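**Student:** Residues per chain, in single letters:
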Amino acid sequence: MKNRTVRLAAVASAAVLALSACSSGSSASSQSADDLTWAMWISGTADQNAWQEVADAVSDDGGPTVTIQGAPFTDYWTKLRTQLSSSDAPCIVTVQSLRAANYTDQLIPLDDLVKEDGVDLSGFDTTALDGMTVDGKLYALPYDTGPLLMFYNKDMFKAAGVTPEPGWTVDDFEAAAAKLKANGDKILATSDEDLNLESLILAYNGGRVITEDGDLDATNAKFAEGLDWINSLVEKGYATQAQADSTADDTAFVNGQAGTYIDGPWSIINQKGVVDFDLGVTTIPVGDSDAGTFSAGSGFGISSQCKYPEQAFEAIQTMTSEQVLTSLAEEGRALPSRTKAQSAWFETAGIDGLDNVLKTALSTSVPLPGNADSDQLSQLFAQYAPPAINGQQTGEEAMSAIASQLGS
Amino acid sequence: MATSTPQSTRPTTTGGRPSGAPRKGGPAHGGRPRRREGTSSGWGWGFSAPHLIGLAVFTALPIIMTVTVSLFDWPMLGDRSFVGLANYTRLLGDPIFREVIRNTAVFTLLYVPLNLVVSLGLAAWLTPRIRHRHVFRVIFFIPTVTPIVANAVVWRFLYQPDGLIDATTQTVAGVSAPNFLADDRFAMLAVVAMSVWQGFGYNMLIFSAALDSVPESQLEAAQLDGAGAWTLFWKIKFPMISPSVFFATTMTLITSFQVFIQPFILTKGGPGSSTLTLVQYIYNEGFQYQQLGLASAAAWILFVIILGLTAAQFAGQKKWVHYE
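Residue numbers (our numbering), protein chains in the order written: chain A, 3 to 410; chain B, 9 to 332.
Extracted from the complex, chain A is given alone in its bound form (with noise of 0.2 angstroms):
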């Protein structure tokens, strides 16, 4: 008798440790009308408390209370499809613009919601529009949208003579890598990660694997002519050699070892506090296309799972409103997706110009389309990207590297 007793205690405890290890990470609570769970990256605790003052506003707006479920960016996306694949996904979901289209199928259009409530969508930036929209169809209200830029140390290139005016050319900018050599510094820090490369490409010579249409061309004939140029650029010491780290572009350009590097408008306000140079701002140069740049941009959809779309599409109105965005802007976050709310965040940004160059690349951008497979395409780059990048390959044979894996 006293040995079952033993035995079932043993049992019943481990088993209550078993359970209570796994359901502390997973408590979410069960969503209802006036409750709803909202997924989001989240990058420490200032960026929690700018985003719970958006989810506070719902709830002062008379609408849902509204529970953010964070996660860091690198993993968000891993997080986000484990949590649509279970019986309790979030309602409101945060996208990107080039990943919309991965989730097509776990989102709901938003059109009929739009009609049905009468939205007035004008009031957002056109662009910032079509990032979300996938084959006719509109899953997401962009809450920040931007063209793709060109960071650059000020500093620097005051002491080789060289201003960057916004919409320069590939010509000008090999010409200002020269003097930088001759003051002993590189111009660009190169970059493996998905949309700076394909940005930089795009600029250049209007290559691109994705087209406009969002199928795949990882063969794309420009692409590789335009790895092989940035390599080029690394041959004759313009240019730092590639790494399989999405940071070391951004690490080189910060300590200094890089003159300029590529980056969106959400970056500005924070790169501005963490570099001890003047920081400027202009344009991606253009070689002999005017293709000009990709724009893109995050927003908030609803997921299909969700059983009170209503609310949430109530929720994500408030969310993109001008009023929450204008507070979001002043707070130096991203570029507001409503073209009344970006005034506060150039004066926020408060960099001389910056609205010439971004009027300037909004002239030019096309939206980056989402493709199923671009994670694959994302992880690929990292992987054969810098040996092209660096010479140890060319362009083609990284690029047919790249498609031989690809859509398997």
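I should point out that these hints are in silico values taken from the structure, not numbers from a laboratory.
What you are looking at is a predicted structure, and each value in this text was computed from that prediction instead of being measured.
Selected chain B positions facing chain A (Cβ under 10 angstroms, derived; list incomplete):
(1) 86
(2) 165
(3) 169
(4) 170
(5) 189
(6) 190
(7) 192
(8) 195
(9) 273
(10) 276
(11) 279
(12) 282
(13) 284
(14) 296
Ideal placement from N, C-alpha and C gives every residue a C-beta, glycine not left out.
For chain A, the structure is supplied; the task is to place chain B on it using the hints.
**Tutor:** Below, chain B alone, put in the same frame as chain A:
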């Protein structure tokens, strides 16, 4: 651990007491109280229950589940369909997967011997005669207890162009060091070097403890017979610590087949696929490309490889492992 003495004849199964045996070692047959062979008290089960349940829930169950998943086309989102052994045939026919197996084997072949040589060498050097040996022990053990991700990030800074190694060769010799992590001739060696630095401390501690327990009398006897330091080590000490060496070899081999974090942080599997290892391949297939069926099949291939090699090691231990 492998150094334990051979098990006594006590039955390990507990399928109930032999009939007629007293329940507990009460006074029986007039002798003094004595526990009977074969009696089982619930305490054994009680104490092992947390571990057993953990094993069942977190190891056995997932293993069985991966078998099922590996027979399906199982995307993380969307419809699943039964495909039989198609995932396995696809993997075995995939040139990238073959390269991944080759990379993992190369890593193991470089890492395991290097790790054992370094850890055994340092353990042999750290005899009680070395002053402040405990300080050295702690220093050598620090890399093992430091989070491996942090270690890998720091090593990445060392290896990078304009990193510490490159900057040093530029100042000292005036030449640039290779771009270790982005050059397919050096990337795997760089990953191995970092892994050895990270991993040798654990084995060193095991070897050091085993060497300390070699009886002084035997060493003295050998010395009186005229054995030098070299003979003493290989003829007396090494056979005495061979169970520890066996344990360390087995565990190191298993962990080296499971290598993931070092290439994941240092190279992402690149340049090309030259440092893509099996576990990273499984991670990519499962969590980046959402092909859970394919990932499970690859995990099973890894499991079979590790199981086979460990079985071979156990079969081969009779030749060189001496239990007292």
